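Enquirer: Kindly generate the complete structure, drawing on both the sequences and the hints.
4 protein chains.
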Amino acid sequence: MDKGTRRAPTGDTVYISVVGGGAAPEAERETARAVGRLVAEAGAVLVCGGLGGTMEAACRGARERGGLTIGILPGTERSDANPFVDLAIPTGLGEARNALVVRAADAVIAVAGEFGTLSEIALALSTGVPVVGIGTWELSRRGEPVDAFERFDDPDVAVSAALALAASRREEKLAP
Amino acid sequence: MDKGTRRAPTGDTVYISVVGGGAAPEAERETARAVGRLVAEAGAVLVCGGLGGTMEAACRGARERGGLTIGILPGTERSDANPFVDLAIPTGLGEARNALVVRAADAVIAVAGEFGTLSEIALALSTGVPVVGIGTWELSRRGEPVDAFERFDDPDVAVSAALALAASRREEKLAP
Amino acid sequence: MDKGTRRAPTGDTVYISVVGGGAAPEAERETARAVGRLVAEAGAVLVCGGLGGTMEAACRGARERGGLTIGILPGTERSDANPFVDLAIPTGLGEARNALVVRAADAVIAVAGEFGTLSEIALALSTGVPVVGIGTWELSRRGEPVDAFERFDDPDVAVSAALALAASRREEKLAP
Amino acid sequence: MDKGTRRAPTGDTVYISVVGGGAAPEAERETARAVGRLVAEAGAVLVCGGLGGTMEAACRGARERGGLTIGILPGTERSDANPFVDLAIPTGLGEARNALVVRAADAVIAVAGEFGTLSEIALALSTGVPVVGIGTWELSRRGEPVDAFERFDDPDVAVSAALALAASRREEKLAP
Chain A
1 MDKGTRRAPT
11 GDTVYISVVG
21 GGAAPEAERE
31 TARAVGRLVA
41 EAGAVLVCGG
51 LGGTMEAACR
61 GARERGGLTI
71 GILPGTERSD
81 ANPFVDLAIP
91 TGLGEARNAL
101 VVRAADAVIA
111 VAGEFGTLSE
121 IALALSTGVP
131 VVGIGTWELS
141 RRGEPVDAFE
151 RFDDPDVAVS
161 AALALAASRR
171 EEKLAP
Chain B
1 MDKGTRRAPT
11 GDTVYISVVG
21 GGAAPEAERE
31 TARAVGRLVA
41 EAGAVLVCGG
51 LGGTMEAACR
61 GARERGGLTI
71 GILPGTERSD
81 ANPFVDLAIP
91 TGLGEARNAL
101 VVRAADAVIA
111 VAGEFGTLSE
121 IALALSTGVP
131 VVGIGTWELS
141 RRGEPVDAFE
151 RFDDPDVAVS
161 AALALAASRR
171 EEKLAP
Chain C
1 MDKGTRRAPT
11 GDTVYISVVG
21 GGAAPEAERE
31 TARAVGRLVA
41 EAGAVLVCGG
51 LGGTMEAACR
61 GARERGGLTI
71 GILPGTERSD
81 ANPFVDLAIP
91 TGLGEARNAL
101 VVRAADAVIA
111 VAGEFGTLSE
121 IALALSTGVP
131 VVGIGTWELS
141 RRGEPVDAFE
151 RFDDPDVAVS
161 AALALAASRR
171 EEKLAP
Chain D
1 MDKGTRRAPT
11 GDTVYISVVG
21 GGAAPEAERE
31 TARAVGRLVA
41 EAGAVLVCGG
51 LGGTMEAACR
61 GARERGGLTI
71 GILPGTERSD
81 ANPFVDLAIP
91 TGLGEARNAL
101 VVRAADAVIA
111 VAGEFGTLSE
121 IALALSTGVP
131 VVGIGTWELS
141 RRGEPVDAFE
151 RFDDPDVAVS
161 AALALAASRR
171 EEKLAP
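Chains as they are written, first to last, in this note's numbering: chain A, 1 to 176; chain B, 1 to 176; chain C, 1 to 176; chain D, 1 to 176.
Worth flagging that the hints you see were computed from the coordinates, not collected in a lab. Since the model is a prediction, treat every value here as computed from it, not as a measurement. Ideal placement from N, C-alpha and C gives every residue a C-beta, glycine not left out. A hint or two may mislead.
Straight line, CA to CA, 16 Å or less: simulated EDC-like cross-link-like pairs of lysine to aspartate or glutamate [stated by the list, open to error]: (1) D:LYS173 x C:ASP80; (2) D:LYS173 x C:GLU77; (3) A:LYS173 x B:GLU77; (4) D:LYS173 x D:ASP12; (5) B:LYS173 x B:ASP12; (6) A:LYS173 x A:ASP12; (7) C:LYS173 x C:GLU41; (8) C:LYS173 x D:GLU77; (9) A:LYS173 x B:ASP12; (10) B:LYS173 x A:GLU77; (11) B:LYS173 x A:ASP80; (12) C:LYS173 x D:ASP80.
Computed footprint of chain A on chain C; a stretch qualifies when at least three of its residues, placed anywhere within it, have a C-beta under 8 Å from a C-beta of chain A [to be verified]: (13) 122-128; (14) 133-139.
If you anchor each label on the Cβ, the simulated ranges turn out as follows [claimed, not checked]: (15) C:GLY128 x B:LEU174: 28 to 34 Å; (16) C:SER140 x D:ARG141: 55 to 61 Å; (17) D:GLU144 x B:LEU174: 38 to 44 Å.
Expert: Written out as structure tokens, the structure reads:
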């Protein structure tokens, strides 16, 4: 499928960013891959940070279902992208590119992840991009849990939730 | 062709950024459209700033030949993209996104353009991205012309030159 | 003191970023003001996001002790800065400027705060900038607390800890 | 004077960015140094890209007159700043930081310079920041000179012109 043809995005295409660790254990990579497949099956474009681990697994899954994948890279070289990125954007912004990974999306799906992932969750929440989590960070403040986003164990349910949130957000933006 | 299928990019795909004015007279838009067609016919991805004028015309031309187009937008809304952008990346960086339009490319083709275009030419020249010009800025310093990039009138010759420069640069990067 | 003279920074000057909510209740603003005073008393430059709430209170405190304050603003207008910012840098990067607030610092002190603050904590942790918290976010993953940074209630202790962490980091950087 | 005291900036303080080559011949460095002195004598803050050559010379001149200097660096390390930078902001944005050097200023003074300097001139012109040139780039398009900014040989006249342009721009912004 890699070099075949695939559906081109249109103005209605949904963009889903999958964020997670650049180095991730097998189980997380399998989850990310399943997420990638489901995102592609829904006809959405998969955006990520373009590197390895969770990002690579998500792109791989999307590719397996003929989806289109974008990698927004921290460095200046397109060759930093994992082999399942279709379109690599080398930003040269370092970690500041995390803000772009979030801005590019109608919704963000966080799969586990480290502090970089936490920054993407937080940037999404602070700029109104909906977030869905799978086995990722939990937040609290002064001992009080802050339930800022929905969490799921099942990739299928998580992707459905993310797509629903993305659709709602689009409608809000279009509303007069 | 808009909603059809098209070749997916691979690791060998060349990226060409077309830069020019957001408002451009008919003749410049026709030139940009011809450039877009030629870029797509060569199997290259067309990158641009995503807005109107030259950018829109270039994307339109690329679409007419089944090419893939990326718009790296200054604002935060994907809907700012012209209708011929396949993949819109809203950066929210304002004019600082000009650096990203340049970084994303193996070579830049400047079609006429205003000061924003001049900044993209200059950013490309200062970071080693080859530039080809069509009816665009001429530079001199203390009365001495500075021939920093090749100029052509014919879109066909300009695109061929840009593709050759892009290929040379890739080889240099791959060289040990 | 506002228009008076103050010590100029030198190559050895420490930079401390104070991050927190743009709208903050009185108690948090008082904490931030105390932090600002202590940062200035230590001869450190106070960096922040330049806006209101916690940022303004921290700058105010620093000013009261003759300190120098820098505001790294998300917008393009210097006039967005709070009145206690000495040097305002309008970035026009939106929330992506959070990465710059963190990069500018030898250590970050988080006073309470919302999701933007969380993103700054996370960006600091992911790029190796030490963080100290006062009444701010607590992190956990899959039910397990992640103690990624020290927390204090007393501004005095928090600032001392931040200065010590900043000094250690500097030494590490200078080590061969 | 280096470690002494100097006037603190206020809300009315003017910011002048001096842009030019990171490696510059003696004559250009002397010009930049004279510019730096004059900027400081006028009570303006001197902003630059923080590195060597013209930037260093301008900062040195400003320091000699007790002025305050800001270096907005492309890399992530404050230690990249030249020794005459008072406040170093390591952005980690690479050449995209050129946009920030321009945004920080009420007016830009270009002293000679290479392509990076040209990008700063162009970014200033495209975002409405006034530019004054000394021995720097000349622009034309299709054989027609484009006189987009004033040029002077004498640093004294150039700085006066820049200050006047900065004042006009401020008034425009304040006008209802």
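Enquirer: Could you run down the list of hints and mark each one as holding or not?
Expert: We went through each hint and held it up to the structure:
1. With a C-alpha separation of about 13 Å, the suggested pairing of LYS173 of chain D with ASP80 of chain C holds against the 16 Å cut-off.
2. About 10 Å separates the Cα atoms of LYS173 of chain D and GLU77 of chain C, which keeps this hinted pair within 16 Å; it holds.
3. Proposed proximity of LYS173 of chain A and GLU77 of chain B is supported: the alpha carbons are some 10 Å apart, at most 16 Å.
4. Note on LYS173 of chain D and ASP12 of chain D: the hinted pairing holds, with a Cα-Cα distance of about 13 Å set against a maximum of 16 Å.
5. For the hint linking LYS173 of chain B to ASP12 of chain B, the alpha-carbon distance of about 13 Å falls within 16 Å, and the restraint holds.
6. The straight-line distance between the Cα atoms of LYS173 of chain A and ASP12 of chain A is roughly 13 Å, inside the 16 Å bound, and the hint therefore holds.
7. A threshold of 16 Å between alpha carbons decides the hint, and for LYS173 of chain C with GLU41 of chain C the separation of about 25 Å lies outside it, so the pair is violated.
8. Of the supplied pair hints, the one linking LYS173 of chain C and GLU77 of chain D holds, its CA atoms being roughly 10 Å apart against a limit of 16 Å.
9. Distance restraint check for LYS173 of chain A and ASP12 of chain B: the Cα-Cα separation of roughly 37 Å exceeds the 16 Å cut-off, and the hinted pair is therefore not satisfied.
10. Between LYS173 of chain B and GLU77 of chain A the alpha-carbon distance is near 10 Å, which keeps this suggested pair within the 16 Å criterion.
11. Proposed proximity of LYS173 of chain B and ASP80 of chain A is supported: the alpha carbons are some 13 Å apart, at most 16 Å.
12. Our distance criterion of 16 Å between C-alpha atoms is met by LYS173 of chain C and ASP80 of chain D, whose separation comes to about 13 Å.
13. With a cut-off of 8 Å between beta carbons, the segment 122-128 of chain C has 5 residues touching chain A; three or more are needed, and the interface restraint holds.
14. With a cut-off of 8 Å between beta carbons, the segment 133-139 of chain C has 5 residues touching chain A; three or more are needed, and the interface restraint holds.
15. At roughly 32 Å, the beta-carbon separation of GLY128 of chain C and LEU174 of chain B lies within the given 28 to 34 Å, and the hint holds.
16. For SER140 of chain C and ARG141 of chain D, the hinted distance range of 55 to 61 Å is satisfied, since their beta carbons lie about 59 Å from each other.
17. Taking the beta carbon of each, GLU144 of chain D and LEU174 of chain B are about 41 Å apart, inside 38 to 44 Å as hinted.
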